[in-house]
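**Student:** Could you put the whole structure together from the sequences, leaning on the hints where they help?
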Amino acid sequence: DAKTTQPPSMDCAEGRAANLPCNHSTISGNEYVYWYRQIHSQGPQYIIHGLKNNETNEMASLIITEDRKSSTLILPHATLRDTAVYYCIVRVVRNQFYFGTGTSLTVIP
Amino acid sequence: GAVVSQHPSWVICKSGTSVKIECRSLDFQATTMFWYRQFPKQSLMLMATSNEGSKATYEQGVEKDKFLINHASLTLSTLTVTSAHPEDSSFYICSASGTGPLGVGTGELFFGEGSRLTVL
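Chains G and A, in that order, give the protein sequences.
Quick note, our numbering runs 7 ahead of the 1-based positions in the first sequence.
Quick note, our numbering runs 51 ahead of the 1-based positions in the second sequence.
Among these hints, one or two may not hold up.
To be verified - Distance condition first, Cα-Cα at most 20 Å in a straight line; then the derived EDC-like pairs of lysine to aspartate or glutamate:
(1) K106/A x E164/A
(2) K71/A x E164/A
(3) K115/A x E103/A
(4) K71/A x D139/A
(5) K92/A x D18/G
(6) K71/A x E103/A
(7) K115/A x E73/A
(8) K92/A x D89/G
(9) K10/G x E110/A
Claimed, not checked - The following label-pair restraints were derived from C-beta to C-beta distances:
(10) S66/A x T86/G: 26 to 34 Å
(11) P91/A x K59/G: 16 to 24 Å
(12) E65/G x S60/A: 21 to 29 Å
(13) H47/G x T131/A: 23 to 31 Å
What the hints assert, rightly or not - Only some residues are given here: those of chain A computed to face chain G with a beta carbon under 7 Å:
(14) T100
(15) D139
(16) S140
(17) I144
(18) S148
(19) L160
(20) E164
Derived from the structure by calculation, the hints contain no laboratory data.
C-beta: ideal position from N, C-alpha, C; glycine also.
**Tutor:** Structural data, given as structure tokens:
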């Protein structure tokens, strides 16, 4: 099973890009990379997912390295409402998501 | 996006009583629902997977007789914490995947808002 490694915490200035890294060196060829975030005392919110190509949506961009062993979630213009715990998930067995410890992102005014 | 709703959002009960938490998919058919538990300052831990019309599959270490899961329809799964004790106090979160305009081909899971259980 693929496990993920994320820094426990990060700070980002409001209005700047937030780049959240994730290592998943044991990912297998058919496993997707998913990103969710959890604001305090709420359920996780889907952000983006990808297999091997970079992806972009209205919330964020996902950059996956060519060897797929790591990825970066980019929030292009962080706001205070982006303060949350961000989870990178790559183990999906029969749609079961196993959460790692995540990165606590604090956006600073 | 798809909506998953949980009820109640918070509940306080006395030790020894049972508490039922509902999880509903509001705009798609959830063939599979998942139940998670989250203790303060910790990550989400998968408790069990429930498929509509069949018995739930529990993760290792989760007592199936204590955490009863019923998935009787394509839009509703329930988690009953039986004979609750203070150590069962936690944030319980459900998620759902399935078929339908939003479910087919998207790959992502949709999560409920969570239910905070406090056992006195």
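**Student:** If a hint holds in the structure, say so; if it doesn't, say that too.
**Tutor:** Okay, the hints, checked on the actual structure:
For the hint pairing K106/A with E164/A, the CA-to-CA distance comes to about 24 Å; that exceeds 20 Å, so the pair is violated. Proposed proximity of K71/A and E164/A is supported: the alpha carbons are some 16 Å apart, at most 20 Å. Simply put, K115/A and E103/A have alpha-carbon atoms about 17 Å apart, close enough for the 20 Å limit, and the pair holds. Note on K71/A and D139/A: the hinted pairing holds, with a Cα-Cα distance of about 13 Å set against a maximum of 20 Å.
In summary, the hint linking K92/A to D18/G is supported, as the alpha carbons are separated by about 18 Å, within the 20 Å threshold. Between the alpha carbons of K71/A and E103/A the distance comes to roughly 18 Å, so the proposed pair stays at or under 20 Å and holds. With a CA separation close to 17 Å, the supplied pair K115/A and E73/A stays within the 20 Å bound. Taken as a hint, the K92/A and D89/G pair is honoured in the structure, with Cα atoms around 18 Å apart against an allowance of 20 Å.
For the hint pairing K10/G with E110/A, the CA-to-CA distance comes to about 17 Å; that is within 20 Å, so the pair holds. Our hint of 26 to 34 Å for S66/A and T86/G is violated, since their Cβ atoms are close to 43 Å apart. In this structure, P91/A and K59/G break the distance hint of 16 to 24 Å, their C-beta atoms being roughly 37 Å apart. Our hint of 21 to 29 Å for E65/G and S60/A holds, since their Cβ atoms are close to 27 Å apart.
For the pair H47/G and T131/A, the supplied restraint of 23 to 31 Å holds, since their beta-carbon distance comes to about 27 Å. Hint status for T100/A relative to chain G: holds, with the closest Cβ pair at about 6 Å, below 7 Å. Evaluation of the D139/A hint against chain G yields a violated restraint, the C-beta minimum of about 18 Å exceeding 7 Å. At a threshold of 7 Å, the smallest CB-CB gap from S140/A to chain G is about 14 Å, leaving the interface hint violated.
Satisfaction of the interface hint for I144/A is found here, the shortest Cβ-Cβ separation to chain G being roughly 5 Å, below the 7 Å cut-off. Look at S148/A: its Cβ gets to within about 5 Å of chain G, closer than 7 Å, so that hint holds up. Because the beta carbon of L160/A sits about 6 Å from the nearest beta carbon in chain G, less than 7 Å, this interface hint is met. Because the smallest distance between the Cβ of E164/A and any Cβ of chain G comes to about 5 Å, under 7 Å, the interface hint for this residue holds.
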